[in-house]
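Asker: The residues making up each chain are set out below.
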Amino acid sequence: MPLVKQGKIVADGYIHVADDAEIPVDGAALIPAARFLADPEALLKRSSPTGVIWPNNRDPEELVPYLDRLAVVALVFPSFRDGRAYSQARLLRERYKYKGELRATGQVLRDQFVILLRAGFDSFEVKKDADAEAFAATVKRYTVFYQPTGDGRITALHQRMQLRHAENAR
Amino acid sequence: MYAYDEIDRTLINERVSEFRDQVKRRLAGELTEDEFKMLRLMNGVYLQLHAYMFRVAIPYGTLSSPQLRKMAHVARRYDRGYGHFTTRQNIQFNWIKLADLPDALEDLASVGIHAMQTSGNCTRNVTTDQWAGVAPGEVEDPRIWAELLRQYSTMHPEFSFLPRKFKIAITASAHDRAAIKVHDIGLRIHKNEAGETGFEVLVGGGLGRTPFIGKVIKPFVHGRDILSYVESILRVYNQYGRRDNIYKARIKILVHELGIEKFAAEVEDEWLATRESSLTLDNEVVEDIRSRFSYPHYQKLSDTPDELAAASADPHFARWLKNSVAPHQRTGYAIVTLSLKPVGGPPGDATADQMDAVADLADKYSFGEIRVGHEQNLALPSVARRDLPALWRQLDKLGLATPNVNLVTDIIACPGLDYCSLANTRSIPIAQELTRRFANNDLAELIGRLHINISGCINACGHHHVGHIGILGVEKNGEEFFQITIGGRADEHAVVGTLIGPAVPFAEVADVIEDIVEAYLALRARPDELFVQTVERLGVEPFKERVYATR
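These protein sequences, in sequence, are chains A and B. Residue 107 in this note's numbering sits at position 107 of the first sequence, and the numbers go up by one each step. Residue 305 in this note's numbering sits at position 305 of the second sequence, and the numbers go up by one each step.
Keep in mind that the hints are not guaranteed to be accurate.
Derived DSS-like pairs (lysine-lysine); straight-line CA-CA distance at most 25 Å [said to hold, decoys possible]:
| # | chain 1 | residue 1 | chain 2 | residue 2 |
| --- | --- | --- | --- | --- |
| 1 | B | K218 | B | K165 |
| 2 | A | K128 | B | K24 |
| 3 | B | K37 | A | K140 |
| 4 | A | K5 | A | K97 |
| 5 | A | K99 | A | K140 |
| 6 | B | K24 | A | K127 |
| 7 | A | K127 | B | K37 |
| 8 | B | K24 | A | K140 |
| 9 | A | K128 | B | K37 |
Label-pair distances were calculated between CB atoms; the ranges are [what the hints assert, rightly or not]:
| # | chain 1 | residue 1 | chain 2 | residue 2 | range |
| --- | --- | --- | --- | --- | --- |
| 10 | A | K128 | B | Y548 | 57 to 63 Å |
| 11 | A | H165 | B | G137 | 33 to 39 Å |
| 12 | B | N459 | A | V25 | 52 to 58 Å |
Anything over 10 Å on all C-beta distances counts as not near chain B; from chain A, calculated [stated by the list, open to error]:
| # | residue |
| --- | --- |
| 13 | L3 |
| 14 | K8 |
| 15 | K45 |
| 16 | A136 |
Everything labelled a hint here was simulated from the structure, so no lab data went into it. These numbers come from a predicted model, not from an experiment. Glycine is no exception: its CB is placed at the ideal position from the N, C-alpha and C atoms.
The following block holds chain A by itself, in its conformation from the complex:
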């Protein structure tokens, strides 16, 4: 499954640790939520970057004490129809001010790229190679956005107000 970061397909430096697998001593690792929460302080002292795989039915507020030390939070789309992780992403970014990598995993298709970016995701484990390759073109599909989110894009309502003020100033 190709990983897209900063608009490009890159190698995934993280090992996805399975629920019952041993956590490697070295090497960047994404750790399942329950195992991470069992001993977060010890895991955050690992010498390599550590991230967490957070299921979409668990309140991300639980992660707040660790957010400044987590390298990655990986949210899950078990199906692309299940949109719970969009809310988790916005909460992590906008309410809990998480600054690290926010990764979309699971069933991620190109048709979600724009809203994933808007919700605060910045890395994507894309299901299909063709979609990963189309990333750069796909995210340019839309230039108008109606809602304010943490991504800072100007909304249509405010764009109009700017236009109006510019007209009035002329």
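Since the structure of chain A is already known, use the hints to place chain B on it.
Answerer: Here is chain B on its own, set in the frame of chain A:
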């Protein structure tokens, strides 16, 4: 009318080109049908029994004449020459080809019409009173807020994949023509003591297999806070709404399972964290949207012009005037409802020729504006009363002057088994038969206001639960049977109707309805006691006895 600007038009065009790519990928096999399904649904495309069905939004039920002509064009060019107006201010085309859809969308986009989010598990077309902006006594024009909510909910980056569909309706009149109590969120505009606009917010209404009337979650949310409050409701729903069972996934079930107090507390907590955000609507922003709704330049005219008095000698005209013409905010003007319920016709259908003709009549008599209501009729919102006779003659020729608005033959019906792959039974033939049984205008007038609603399955697209008489199709051992409820209503006194007894076979439905109506005529306390009032006073027993005594 709301005028789309370059910003709105750009978004619609971007959406069309995205959908073109999605259709291309589907036809090339790059998208599976399962993947494509959610994407096409969010562009209004269903797969029905015989073909794809295409549902186009008519935001807050307002159309300009060029927009209606474009609908006629789509009906003619890509479909079979007609369209079907739905109960949620949409129009459906039933015979469209997948490969033609991007072109049809592009044609519609040229007049600012789209099909975004007319299906899918997202916020659907925000609906309101079809008389918005012209209804006497209205608090203010609800379309300004409907447009703000339309923009807010279009391609929302957090709420495009909710547990289930999400419907918002707004009313600003004491008499609710938007059925807000059977919506996921119902908004009633009213003013606080300082004279500021706000909303009574209802949540958790809905029909389907588990009908609920919406409950008040907050009596007053200030206009500036409405987006953050709606966002808080949606966020609670997105996280906690059930996703394990499609029939329990609507917000009404979450509200019911948590209880309104607990649900309201969750929303309030969320809202405290979000209300001071960029979602706050400055007055300037609201006024900017308001300024882009244009209103007709009304003339000073008489409410009792000579033309009207002269024409009223014709009993056919007089009947139509009494039935289909309603008072307007402005002296000298009237709101005219165009019945899409001719005797023997499928409710809500209009041919391309009728649509073109109505667009021409709107240009001539109603400042180029047409409205679409949830009762599946059209309206010309601002007709000079002196023009009513001339308008009537032309509508009559078009078959659009059936004087049955709000009467027994003004039936709301879903497409049923004639089109829909979910249906258990047919709906349209039942409606057609009932319009024949009650075709006598004197009889219909004698009966008075009576809403019949027909759904061909438990999904309740015909809103049978809230019909004064509701007819629900069910399948029994491979045969079509129909459950009859009475006493429901969809207005400000919304209530779910009561089942009168065992389901009856297809062939007996019209007889049963006739029995119920005859019972009502015999039982009503006075001629102006409406059917629903008689049912409220006496309960279902006397009706039940009448229907089942001989069956």
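Asker: Find the nearest Cβ of chain B to the Cβ of A136/A and say whether that gap is larger than 10 Å.
Answerer: holds, 15 Å
Asker: If I take the minimum Cβ distance from K8/A to any residue of chain B, is it greater than 10 Å?
Answerer: holds, 21 Å
Asker: Holds or violated: are the alpha carbons of K5/A and K97/A at most 25 Å from each other?
Answerer: Cα-Cα ~20 Å, so holds.
Asker: CB of K128/A to CB of Y548/B, is that within 57 to 63 Å?
Answerer: holds, 59 Å
Asker: Going straight from one Cα to the other, do K24/B and K140/A come out at no more than 25 Å?
Answerer: Within the cut-off at roughly 18 Å; holds.
Asker: For K218/B and K165/B, compute the direct alpha-carbon distance and say whether it is at most 25 Å.
Answerer: holds, 22 Å
Asker: Taking 33 to 39 Å as the hint, is the beta-carbon distance of H165/A and G137/B inside that range?
Answerer: holds, 36 Å
Asker: Starting from K127/A, check that the Cα of K37/B is at most 25 Å away, please.
Answerer: holds, 17 Å
Asker: Holds or violated: is the Cβ of L3/A farther than 10 Å from all Cβ atoms of chain B?
Answerer: holds, 20 Å
Asker: Please verify whether K37/B and K140/A have alpha carbons no more than 25 Å apart.
Answerer: Holds, because 23 Å separates the two Cα atoms, which is no more than 25 Å.
Asker: Does K128/A pair with K37/B here, judged by a C-alpha cut-off of 25 Å?
Answerer: holds, 17 Å
Asker: Given the hint that K99/A pairs with K140/A, does the C-alpha gap stay at or below 25 Å?
Answerer: OK: K99/A and K140/A at ~24 Å, within 25 Å.
Figure legend: structure checked against the earlier numbered hints; every hint is met.
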